[in-house]
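Participant: Taken in order, these protein sequences are the chains called A and B. According to this note's numbering, the first sequence is numbered sequentially starting from 1. According to this note's numbering, the second sequence is numbered sequentially starting from 1.
If you are wondering where the hints come from, they were derived from the structure by calculation, not from laboratory data. A portion of the hints provided could be inaccurate.
For lysine to any residue, the following SDA-like pairs were computed, each having C-alpha atoms within a straight-line distance of at most 25 Å [stated by the list, open to error]: (1) K120/A with V33/B; (2) K120/A with N29/A; (3) K89/B with K120/A; (4) K89/B with G80/A; (5) K89/B with N29/A; (6) K89/B with V33/B; (7) K89/B with W10/A.
Computed Cβ-Cβ distance ranges for the label pairs, DEER-style [said to hold, decoys possible]: (8) K89/B with P134/A: 22 to 32 Å; (9) T116/A with L90/B: 41 to 51 Å; (10) R88/B with V111/A: 42 to 52 Å; (11) K120/A with N98/B: 44 to 54 Å; (12) V94/B with V5/A: 11 to 21 Å.
Even for Gly, the Cβ is constructed at its ideal location relative to N, Cα and C.
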Amino acid sequence: MGNVVVWIVWVGAAFACLSSAIAVVTFRNPFYSALALIGNLGSLAVLYLLLSAEFVAAAQVLVYAGAVMVMFLFVIAYVGSEGDAPLAGGPSWQAIGSVTAAGAILVEVIVAIGVTAHGKLSHSPHVHAYFGGPSQIGRLFLTNHLLAFEVTSIVLLAAAVGGVVLGHHSRRVDAGA
Amino acid sequence: MQGPSVAWYLGVAAALFSIGALGVLLRRSPLIVLLSLEIMLNGGNLALIAFARHNGEASGQVFAIAVMAVAASEVVVGLGLIVAMSRRKLALDVDRMNELRG
């Protein structure tokens with residue numbers, strides 16, 4: 001009984017995830033694309049919960065669907081939401097080439113998974129109730145992955161400095177023009 | 001593990017990655033290129049978390065959180081570039097951004 005419920009939730013979340021991803025790519029207006037990406041991130045968080053990654057799901061909703069997407073929507077409102085029509089005026093060579101390349105990536109990854117899996121992916125071990133909880137993630141960050149944790153802080157600092165430099169530079173150009 | 005096996009999650013991750021790649025290749029608005037990059041990164045994250053569950057080892061979830069931090073940094077720099085382009089009255093079209101000069 002529980003198995004059926006998990007399947008139903010999985011099918012709903014996977015369908016929402018893929019359809020909102022297609023919506024992001026096909027919508028003309030970047031504003032609607034950003035809104036569709038919020039739906040995509042939310043349904044991905046449901047898939048993470050099904051994989052018993054509670055902390056990552058919470059971080060996904062808070063950091064991605066919350067902070068990052070609010071920043072995106074602010075910038076789209078600032079620069080104006082003039083979009084491009086991806087498939088207007090008949091298929092161009094660029095459109096045909098990109099659809100072919102994306103389809104080739106999909107087929108290649110699925111073939112690679114199918115060739116190497118050999119049925120090894122069907123049985124996953126039973127995990128404890130605290131698997132993927134904040135305590136386990138925090139312990140791993142401060143023991144096994146301490147270097148990655150510290151390097152992440154340097155990456156975030158570099159991004160903050162980069163954002164300030166880009167904003168400052170364009171302001172100076174405005175004053176000189 | 002109840003419900004679908006890890007292979008199903010990997011299929012969704014592969015589909016997400018290729019949809020994101022399609023967006024990066026197809027669209028000309030840099031905003032939508034950034035959004036499609038986010039989809040690609042999330043496809044990778046889903047595969048990491050699926051393998052973490054498959055191996056019963058939470059390190060994959062730690063990698064996924066590191067990827068999220070890198071994605072947030074990338075968004076900061078990318079949106080900074082887009083705002084700088086818009087302030088210089090450049091067209092928001094990646095096909096027309098084909099020279100490095102000034």
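Participant: Against each hint, give a clear statement of whether it holds in the structure.
Facilitator: Hint by hint, here is what the structure shows:
Restraint check: the Cα-Cα separation between K120/A and V33/B comes to about 36 Å, which exceeds 25 Å; the hinted pair is violated. A hinted pair counts as satisfied when its Cα atoms are at most 25 Å apart, and K120/A with N29/A does not qualify at roughly 43 Å. The suggested pairing of K89/B with K120/A is violated, with an alpha-carbon distance near 55 Å, which exceeds 25 Å. Distance restraint check for K89/B and G80/A: the Cα-Cα separation of roughly 12 Å lies within the 25 Å cut-off, and the hinted pair is therefore satisfied.
Our distance criterion of 25 Å between C-alpha atoms is met by K89/B and N29/A, whose separation comes to about 19 Å. Taking the CA atoms of K89/B and V33/B, the gap is about 19 Å. The hint holds against a cut of 25 Å. Between K89/B and W10/A the CA atoms are separated by roughly 45 Å; this puts the pair beyond 25 Å, and the hint is violated. Separated by about 47 Å at the C-beta atoms, K89/B and P134/A break the suggested range of 22 to 32 Å.
In this structure, T116/A and L90/B meet the distance hint of 41 to 51 Å, their C-beta atoms being roughly 45 Å apart. At about 45 Å, the CB distance of R88/B to V111/A agrees with the hint of 42 to 52 Å. A beta carbon spacing of about 47 Å between K120/A and N98/B agrees with the range 44 to 54 Å that was offered as a hint. For the hinted restraint 11 to 21 Å between V94/B and V5/A, the CB-CB distance of approximately 44 Å leaves it violated.
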